[in-house]
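Protein chains: 2
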Amino acid sequence: MRPNRSIVLKSRPSGVPALEDFELREAPLRALEDGEILLEHLFLSIDPAIRGWMAEKKSYLPPIALGEPIRSGTLSRVAESRDPKFKPGTLVQALAAWEERSIVRPQQIMGEINRLPGIPLAAHLSVLGGNGLTAYFGLLEVGKPQPGETVVITAAGGGVGSVAAQLAKLRGARSIGIAGGEEKKRFLLEELGLDAAIDYKNEDVNAALKAAAPKGVDVFFDSVGGELLEIGLARLALRGRVVLCGAISQIHEDSPAEGPRNYVQLLAKRGRMEGFVTLDYAARYDEARAVLADYLRSGELVHRDEIVTGLENTPQHFLRLFDGSHRGKLMVRLQTTDEDDR
Amino acid sequence: MRPNRSIVLKSRPSGVPALEDFELREAPLRALEDGEILLEHLFLSIDPAIRGWMAEKKSYLPPIALGEPIRSGTLSRVAESRDPKFKPGTLVQALAAWEERSIVRPQQIMGEINRLPGIPLAAHLSVLGGNGLTAYFGLLEVGKPQPGETVVITAAGGGVGSVAAQLAKLRGARSIGIAGGEEKKRFLLEELGLDAAIDYKNEDVNAALKAAAPKGVDVFFDSVGGELLEIGLARLALRGRVVLCGAISQIHEDSPAEGPRNYVQLLAKRGRMEGFVTLDYAARYDEARAVLADYLRSGELVHRDEIVTGLENTPQHFLRLFDGSHRGKLMVRLQTTDEDDR
Chain A
1 MRPNRSIVLK SRPSGVPALE DFELREAPLR ALEDGEILLE HLFLSIDPAI RGWMAEKKSY
61 LPPIALGEPI RSGTLSRVAE SRDPKFKPGT LVQALAAWEE RSIVRPQQIM GEINRLPGIP
121 LAAHLSVLGG NGLTAYFGLL EVGKPQPGET VVITAAGGGV GSVAAQLAKL RGARSIGIAG
181 GEEKKRFLLE ELGLDAAIDY KNEDVNAALK AAAPKGVDVF FDSVGGELLE IGLARLALRG
241 RVVLCGAISQ IHEDSPAEGP RNYVQLLAKR GRMEGFVTLD YAARYDEARA VLADYLRSGE
301 LVHRDEIVTG LENTPQHFLR LFDGSHRGKL MVRLQTTDED DR
Chain B
343 MRPNRSIVLK SRPSGVPALE DFELREAPLR ALEDGEILLE HLFLSIDPAI RGWMAEKKSY
403 LPPIALGEPI RSGTLSRVAE SRDPKFKPGT LVQALAAWEE RSIVRPQQIM GEINRLPGIP
463 LAAHLSVLGG NGLTAYFGLL EVGKPQPGET VVITAAGGGV GSVAAQLAKL RGARSIGIAG
523 GEEKKRFLLE ELGLDAAIDY KNEDVNAALK AAAPKGVDVF FDSVGGELLE IGLARLALRG
583 RVVLCGAISQ IHEDSPAEGP RNYVQLLAKR GRMEGFVTLD YAARYDEARA VLADYLRSGE
643 LVHRDEIVTG LENTPQHFLR LFDGSHRGKL MVRLQTTDED DR
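Line by line, the protein sequences give chains A and B.
Numbering of the first sequence is given in the numbering used here, commencing with residue 1 and proceeding in unit increments.
Numbering of the second sequence is given in the numbering used here, commencing with residue 343 and proceeding in unit increments.
FYI, nobody ran anything at the bench for these hints, they're computed from the structure.
Computed list of lysine to aspartate or glutamate pairs in DMTMM-like fashion (alpha-carbon distance at most 20 Å, straight line): (1) A:Lys58 / B:Glu572; (2) B:Lys486 / A:Glu274; (3) A:Lys144 / B:Glu616; (4) B:Lys400 / A:Glu230; (5) A:Lys87 / A:Glu112; (6) A:Lys57 / B:Glu572; (7) B:Lys399 / A:Glu230.
Since the model is a prediction, treat every value here as computed from it, not as a measurement.
Turn these sequences into a full structure, and let the hints guide you.
This is how it looks when you write it as structure tokens:
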């Protein structure tokens, strides 16, 4: 039996996670049962959604059990298969875990990777993976921006936000990004080419948003919550839509979560606040990937991935999501990645 | 020039309104200008929405100015008209004010009253007026309950809620009402025939709702906000809809408004929270009135109106909306009402 190394959940965080909540575990891999597939991971995904799965609370997926590997998106190679649909050697995107190898069921495999020439393999886990798909369905199917409308994206420098912000622009909307820090603001304006950008760490967001979106906000694509969500609601245009993608600000160590105090804006503005889960759109992943790949090939869609190494370092990079020090989408490349898998 | 008596806004309330915020004013009526209509009011409407219009804050209608009559729905007779579309003697439903007579523009007239035989005139201002229309469009167009789904209505004993709760049942949904007090609970069960009722003053609403809606809430029609909204969100079913009709609990004297702390439930449940304004559906009022009138005639739709008298008493009855002591829809009948206008 081969050994396997995993990052497991040691304790449930009460607010922002700490390194002590994780543990590196080494254990032999068991043999495959019928219908199971052994995946060897090339890249692991580091996403805010993982924080949600670490909580005791039931959500759209069950909580990660204590002592179990941390659930995450992965880009993986089929190493062994007892399901005839998956041939050894195939590259796939999966919902597996922070570990070297995972034994999975077919429904955890989200699709084969048809690698696009000239595009790094890792991009298939970011802009062509869960992040890109989340941005695509959340923005286009829930937010439904129309040409000429104004779209505002929080966490616009992140893996999901940066794609959503560009998609809004590509669909003819005015796209405004909110992110923390001068460097991220420059990235939004100069590299993503957004119409406006707001640095929430150094600017009065409400005043800046009023100036940048004088006619109000038609679509507010929010991954942050808290004060930013309230500002978005306050500046909502008639029939504006708030797309709930996440609420990273609502993870407090000391204080309980806060709801948007001005939610009745939805009434005056005939607005809508709506949540979504990307997994619900699985039947349309190929369509979305094809659109995103076209934009990538034409150079209209820019992505920024920050690739780190070492399974054992995964938790410390995960914690960077909560201080905003990451740049674009965070992924871990494992030793199993060959030169031509990069 | 004839004298006119009005209830005017003397000061803006900071929380629950007080009698001192209102003043009875007597002033002569000016002459009509071209295009204006003089209405003589038979019934004035007393609604929670008026509290919103008393605030400084801009909403879907401008705030009532200090010293101006309190805006309200009315059931009125055209007394004079300088618009050829409106003939003297016609009965209309209007958005006018708490006063004996109002000079209005055509756009304030929401429709002519085609009085239904056997139905009291006042019902044309309640179940066939703004309340019934609000329930109709809010529930059916925003909430869109499907047969077999579970609908929960807060303030289910009130003018809007009681109609929404019955409409839900008439459309084949399971209908659960929340109201305050034993008497209101009995009204919901025995007179409206709802599937279940919860007395929020004497019951653990979360536990009672869990028992009454074990599969979750598909449509939560909310006029209250606060803790009840949080319970509704907590018990939302997959793809559940929260219809925002109002937020009467959010009028606090001392504490700021509170948002629903568990709004991220919308994400896990792929839910939607949406506001609406009945005025937007003006083009479809006749369609809605016809449907509601059919239900009234067949006896399937029950309504309870509490009709009080005396313009000068209007503010004190308005205050009853905030302690829950009203029974059904509150209206004021003015002296101008003849016997056969009742």
